[in-house]
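Same order as they appear, the protein sequences are chains F and G.
Residues 159 to 399 in the numbering used here are what the first sequence spells out, letter by letter.
Residues -4 to 307 in the numbering used here are what the second sequence spells out, letter by letter.
Be aware that one or more of the hints could be misleading.
What the hints assert, rightly or not - Under the rule of at most 20 angstroms between Cα atoms (straight-line distance), these lysine to any residue pairs were calculated in the SDA-like manner:
1. G:132 - F:178
2. F:238 - F:195
3. G:275 - G:173
4. F:318 - G:205
5. G:132 - F:338
6. F:318 - G:221
7. F:383 - F:364
8. G:132 - F:395
9. G:275 - G:221
10. F:383 - F:370
11. G:221 - F:320
12. G:132 - F:351
13. F:318 - G:129
14. G:221 - F:337
15. F:318 - G:132
16. G:132 - F:321
17. G:132 - F:354
18. G:132 - F:238
19. F:318 - G:252
20. G:132 - F:358
21. G:132 - F:179
22. G:132 - G:152
23. F:318 - G:64
24. G:143 - G:129
25. G:132 - F:339
26. F:318 - G:92
27. G:132 - F:357
28. G:92 - G:64
29. G:132 - F:355
Said to hold, decoys possible - Quick list of the computed label-pair ranges, beta carbon to beta carbon:
30. G:100 - F:341: 56 to 62 angstroms
31. G:142 - F:357: 28 to 34 angstroms
32. G:104 - F:311: 37 to 43 angstroms
33. G:289 - F:233: 25 to 31 angstroms
34. F:271 - G:281: 50 to 56 angstroms
To be verified - Reference listing, derived: stretches of chain G covered by chain F, where coverage requires no fewer than 3 residues with Cβ under 8 angstroms from a Cβ of chain F:
35. 75 to 82
36. 166 to 173
37. 251 to 260
Please keep in mind that the hints were generated in silico from the structure rather than gathered at the bench.
Since the structure is predicted, the reported quantities are computational estimates derived from the model, not experimental observations.
For glycine and all other residues, C-beta sits at the position ideal for the given N, C-alpha and C.
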Amino acid sequence: MQEVRILPAGDQALLVEFGQHIAPELSANVRALRQSLHRIPIHGIRDMIPSYASLLVEYDPLSISSEVLSAEIRQRLPLKIEQLEGKQELFLLPTIYGGEFGPDLSDVADHAGLTAEEVVALHANRDYLVYLIGFTPGFPYLGSLDQRIAMPRLTNPRLKIPRGSVGIAGAQTGIYPSESPGGWRIIGQTPIPLFNLQADPPALFQPGAWVRFRPVDNIEFASIKRQLAEGTYRIDQVLNA
Amino acid sequence: MPRLHVLRPGMLTSVQDRGRRGYQDQGIPPAGAMDEYALRAANALCGNSIDEAVLELTMYGGSYEFLEGGNFALAGADMGARLNDRGLPLWQQCNAKAGDRLTFGWAKRGCRLYLGISGGIDVPVVLGSRSTYLLGKFGGFHGRMLVKGDELYSQPGQEKEAVPVVFSPDWIPSYESSLTVRVILGPQLGCFTEKGIATFLQHGYSITSQADRMGYRLEGQPIQIKGRADILTDGIPAGAVQVQSEGQPLLLLAERQTTGGYAKIACVIGADLWRLGQVKPGDSIHFQSASLMEAEAAWRDLSELWNRWVRS
């Protein structure tokens, strides 16, 4: 692994950067550092924002100086990523592809020179790592996409994307937890709520979990929606080997 | 126990406190008052703890009726506040009787005014804070800005005999339409040319009409980028200055997205952050490079001042 950089992000945050690309081992380092700082806290840290390959550590300079905090973080390195706590969860996320639920599916297929069915097969038949939750409450950034179906964002973002929409942006895929504007290419929709204020933590997926999209048809989609409304649906979750 | 009825909500009035910490990893921004200085003052002047919620009035304040009287205080922008026919001072404790009407006009100086009531505004605590997160539609008063007919209560049993702070005239900030704030350069300074960094520090940037609680889109001399402006998505601290592909800066504030993929040329220092809550579209911002030592000293000074407002 390349050298870890610790950079000031203003006078009240340090950016701990493990690298500058998307890779599971960099993500594991971010999670391991966050876990280490949770388990043995450093006085003065106020909040942490994990991302693909970096952890933003916010602190109160009255409690700790940037040099001391930086040195204390360095002392935690290198991290033992094989000892990451927590089981490897794999969520099977029911998703309906195409049609009104995935208005950009045919564009993605055209861009890839594939049929819509082939795009779905490539998107669904794969386990994605949850790298981070960001952008809006509960929005999971998943990777990596099969290179064949990668496609840049829309040039003109949509003003309204329905809740549960599954999108593609470059080599990433993600899900909009609530209705919002956005520029990702929408290929499908899941009925599963990804964000719940009453839950702790509020986001369904946490970094380090795995997600596999499970294609469903109109009938099953409607049935899951009904079960969700009745409070009887449980998302399939298996332990990842 | 003051109780307020909204007659006209003004342009954008919401319940805010010091913000929501600890949930940024869930994609939830801190939200909270855009001007922490005036928020603290409004609470201190009521004899409240600094963590109580107040109303944040933006640009145009609207009008309110006291259904029950009590102590209150105004701190921040001058919106020509009146209680019935009488002009009201800012930065002082005031008192209202039931039936009194509180009216505000347009901000003459500054942009946001904070209305604190004795006891603090009673709304549910959501994820550790009473702040409204407008885009997320939660927190504060039903997750939204106030509308005509809303009723706000102060917290039951919270009205203490606390002696309010008497505000020294030295503590009253002046709000200028041309603001200079100090920044720490980086963390992605390497994405910019020497010329681009010099441009950023030498020229003023004006605030466009795209300015809200999430952030301010600025306009001015384009900042030269080395190659590409996009970076691998990372966490965004308050006051970060992102530069997008056209070379124009975007200042990220209370309701910023928690992560983003544009290079950050600089971040406004903690001690100057509150000043950004008092500038508005058309005003200009100059960025001045500061050292970490300077920023930490400024934060110590500001914290010491704020501590003088706190009564135990």
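Hints, verified against the model:
1. Of the supplied pair hints, the one linking residue 132 of chain G and residue 178 of chain F is violated, its CA atoms being roughly 33 angstroms apart against a limit of 20 angstroms.
2. A hinted pair counts as satisfied when its Cα atoms are at most 20 angstroms apart, and residue 238 of chain F with residue 195 of chain F qualifies at roughly 13 angstroms.
3. A distance of roughly 10 angstroms separates the Cα atoms of residue 275 of chain G and residue 173 of chain G; the hinted pair therefore holds under the 20 angstroms criterion.
4. For the suggested pair residue 318 of chain F and residue 205 of chain G, the alpha carbons sit about 18 angstroms apart, so the restraint of at most 20 angstroms is met.
5. Restraint check for residue 132 of chain G and residue 338 of chain F: satisfied, since their Cα atoms lie roughly 11 angstroms apart, inside the 20 angstroms limit.
6. Our distance criterion of 20 angstroms between C-alpha atoms is broken by residue 318 of chain F and residue 221 of chain G, whose separation comes to about 33 angstroms.
7. For the hint linking residue 383 of chain F to residue 364 of chain F, the alpha-carbon distance of about 23 angstroms lies beyond 20 angstroms, and the restraint is violated.
8. At most 20 angstroms may separate the alpha-carbon atoms for a hinted pair to count; residue 132 of chain G and residue 395 of chain F exceed this at roughly 29 angstroms.
9. With a C-alpha separation of about 30 angstroms, the suggested pairing of residue 275 of chain G with residue 221 of chain G is violated against the 20 angstroms cut-off.
10. Between the alpha carbons of residue 383 of chain F and residue 370 of chain F the distance comes to roughly 19 angstroms, so the proposed pair stays at or under 20 angstroms and holds.
11. Between residue 221 of chain G and residue 320 of chain F, the direct Cα distance comes to roughly 36 angstroms. Violation of the 20 angstroms bound is thereby established for this hinted pair.
12. For the hint pairing residue 132 of chain G with residue 351 of chain F, the CA-to-CA distance comes to about 16 angstroms; that is within 20 angstroms, so the pair holds.
13. The hinted pair formed by residue 318 of chain F and residue 129 of chain G meets the criterion: a straight-line CA distance of about 16 angstroms does not exceed 20 angstroms.
14. The suggested pairing of residue 221 of chain G with residue 337 of chain F is violated, with an alpha-carbon distance near 35 angstroms, which exceeds 20 angstroms.
15. Taking the CA atoms of residue 318 of chain F and residue 132 of chain G, the gap is about 15 angstroms. The hint holds against a cut of 20 angstroms.
16. Pair hint residue 132 of chain G plus residue 321 of chain F holds up; C-alpha atoms about 14 angstroms apart against a cutoff of 20 angstroms.
17. Distance restraint check for residue 132 of chain G and residue 354 of chain F: the Cα-Cα separation of roughly 13 angstroms lies within the 20 angstroms cut-off, and the hinted pair is therefore satisfied.
18. Only pairs whose Cα atoms come within 20 angstroms are accepted, and residue 132 of chain G paired with residue 238 of chain F is rejected, the gap being roughly 40 angstroms.
19. Distance check on the hinted pair: residue 318 of chain F and residue 252 of chain G sit about 17 angstroms apart at the alpha-carbon level, within 20 angstroms; holds.
20. For the suggested pair residue 132 of chain G and residue 358 of chain F, the alpha carbons sit about 18 angstroms apart, so the restraint of at most 20 angstroms is met.
21. For the proposed pair residue 132 of chain G and residue 179 of chain F, the alpha carbon gap of about 33 angstroms is over 20 angstroms, so the pair is violated.
22. The suggested pairing of residue 132 of chain G with residue 152 of chain G is violated, with an alpha-carbon distance near 28 angstroms, which exceeds 20 angstroms.
23. For the given pair, residue 318 of chain F sits about 43 angstroms from residue 64 of chain G by alpha-carbon distance, which is inconsistent with the 20 angstroms threshold.
24. Note on residue 143 of chain G and residue 129 of chain G: the hinted pairing holds, with a Cα-Cα distance of about 17 angstroms set against a maximum of 20 angstroms.
25. Note on residue 132 of chain G and residue 339 of chain F: the hinted pairing holds, with a Cα-Cα distance of about 14 angstroms set against a maximum of 20 angstroms.
26. For a cut-off of 20 angstroms, the pair hint linking residue 318 of chain F to residue 92 of chain G is broken: about 46 angstroms separates their Cα positions.
27. Proposed proximity of residue 132 of chain G and residue 357 of chain F is supported: the alpha carbons are some 16 angstroms apart, at most 20 angstroms.
28. Using a Cα cut-off of 20 angstroms, the hinted pair residue 92 of chain G and residue 64 of chain G holds, with the two alpha carbons roughly 4 angstroms apart.
29. Taking the CA atoms of residue 132 of chain G and residue 355 of chain F, the gap is near 11 angstroms; set against the 20 angstroms cutoff, the hint holds.
30. A hinted range of 56 to 62 angstroms is violated for the C-beta pair residue 100 of chain G and residue 341 of chain F, which are about 39 angstroms apart.
31. Under the hint 28 to 34 angstroms, the C-beta atoms of residue 142 of chain G and residue 357 of chain F, about 29 angstroms apart, fit the expected range.
32. For the pair residue 104 of chain G and residue 311 of chain F, the supplied restraint of 37 to 43 angstroms holds, since their beta-carbon distance comes to about 41 angstroms.
33. For residue 289 of chain G and residue 233 of chain F, the hinted distance range of 25 to 31 angstroms is satisfied, since their beta carbons lie about 27 angstroms from each other.
34. One distance hint, 50 to 56 angstroms for the beta-carbon pair residue 271 of chain F and residue 281 of chain G, holds here, with the actual separation near 51 angstroms.
35. Under a criterion of three residues with beta carbons nearer than 8 angstroms to beta carbons of chain F, the stated coverage of the segment 75 to 82 of chain G fails, only 0 such residues being counted.
36. Under a criterion of three residues with beta carbons nearer than 8 angstroms to beta carbons of chain F, the stated coverage of the segment 166 to 173 of chain G fails, only 0 such residues being counted.
37. Three residues within the 8 angstroms Cβ limit are the bar, and the segment 251 to 260 of chain G against chain F gives 5, so the coverage statement holds.
In summary, the numbered hints that this structure violates are 1, 6, 7, 8, 9, 11, 14, 18, 21, 22, 23, 26, 30, 35 and 36.
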